[in-house]
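Visitor: Each protein sequence line maps, in turn, to chains Y and Z. Per our numbering, the first sequence starts with residue 200, numbered consecutively. Per our numbering, the second sequence starts with residue 216, numbered consecutively.
All the pointers check out, no bait thrown in.
Which residues of chain Z face chain Y? A partial, calculated answer using Cβ under 8 Å: (1) Ser248; (2) Gln256; (3) Gly257; (4) Tyr265; (5) Asn270; (6) Gly271; (7) Asn312; (8) Pro313; (9) Gly315; (10) Tyr317; (11) Phe319; (12) Gly320; (13) Ser321.
Note that these hints are calculated values from the structure, not bench results. The beta carbon of each residue, even a glycine, is placed where N, CA and C say it ideally should be.
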Amino acid sequence: QKEVEQNSGPLSVPEGAIASLNCTYSDRGSQSFFWYRQYSGKSPELIMFIYSNGDKEDGRFTAQLNKASQYVSLLIRDSQPSDSATYLCAVTAYSGGSYIPTFGRGTSLIVHP
Amino acid sequence: ETGVTQSPTHLIKTRGQQVTLRCSSQSGHNTVSWYQQALGQGPQFIFQYYREEENGRGNFPPRFSGLQFPNYSSELNVNALELDDSALYLCASSFSNPAGGYTFGSGTRLTVV
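Please construct the entire structure, taking both the sequences and the accompanying hints into account.
Guide: See the structure below:
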């Protein structure tokens with residue numbers, strides 16, 4: 200059973216701080232890694248994807264991947280109250296001729312003014 | 216460019232009934248995947264369709280079935296509804312190699328009473 204683990208939180212940070220969200224995965228064959236943001240009652244929206252070891256930056260967001268440790272993280276700099284949402288980590292692995300996605304349960308982030 | 220659309224947005228069904236949910240994929244995407252998201256949980260992968268054939272399936276019983284049409288739109292059918300089937304059902308489209316991520320529709324909220 201492929202698993203993607205996230206701390207459900209909530210993670211509470213003050214406005215302007217750095218929020219650090221973490222995710223571990225069980226399948227060493229995993230190839231692509233995604234972070235989605237989901238506001239309450241809404242569908243997930245893609246924030247970032249990464250598939251090489253190291254860091255990838257996009258604006259206030261940085262995704263970090265360490266395949267040896269089977270670990271992927273998302274850093275949000277200068278956190279804003281509008282960043283308050285659930286952040287889903289997703290991983291795809293190639294199996295049986297197709298790419299199969301697995302999502303974590305998500306980490307709830309609260310950014311307080 | 217059109218996004219992913221799902222219908223209906225909300226649905227109430229009685230235990231034992233059957234339901235069909237519909238999804239139109241984003242323009243250019245050829246793969247559709249379906250997810251069940253219970254409250255407070257991450258999306259659980261149900262199955263995925265590519266070129267009108269199922270090419271990946273999660274841990275869901277056979278009463279969950281689907282179709283993909285030549286225009287890449289898709290249906291999710293659930294027979295013999297159970298109370299635990301109450302959830303948000305999400306459809307996502309992607310390329311066959313989803314390295315760029317999945318685009319989600321707004322979901323169908325199914326309530327089984």
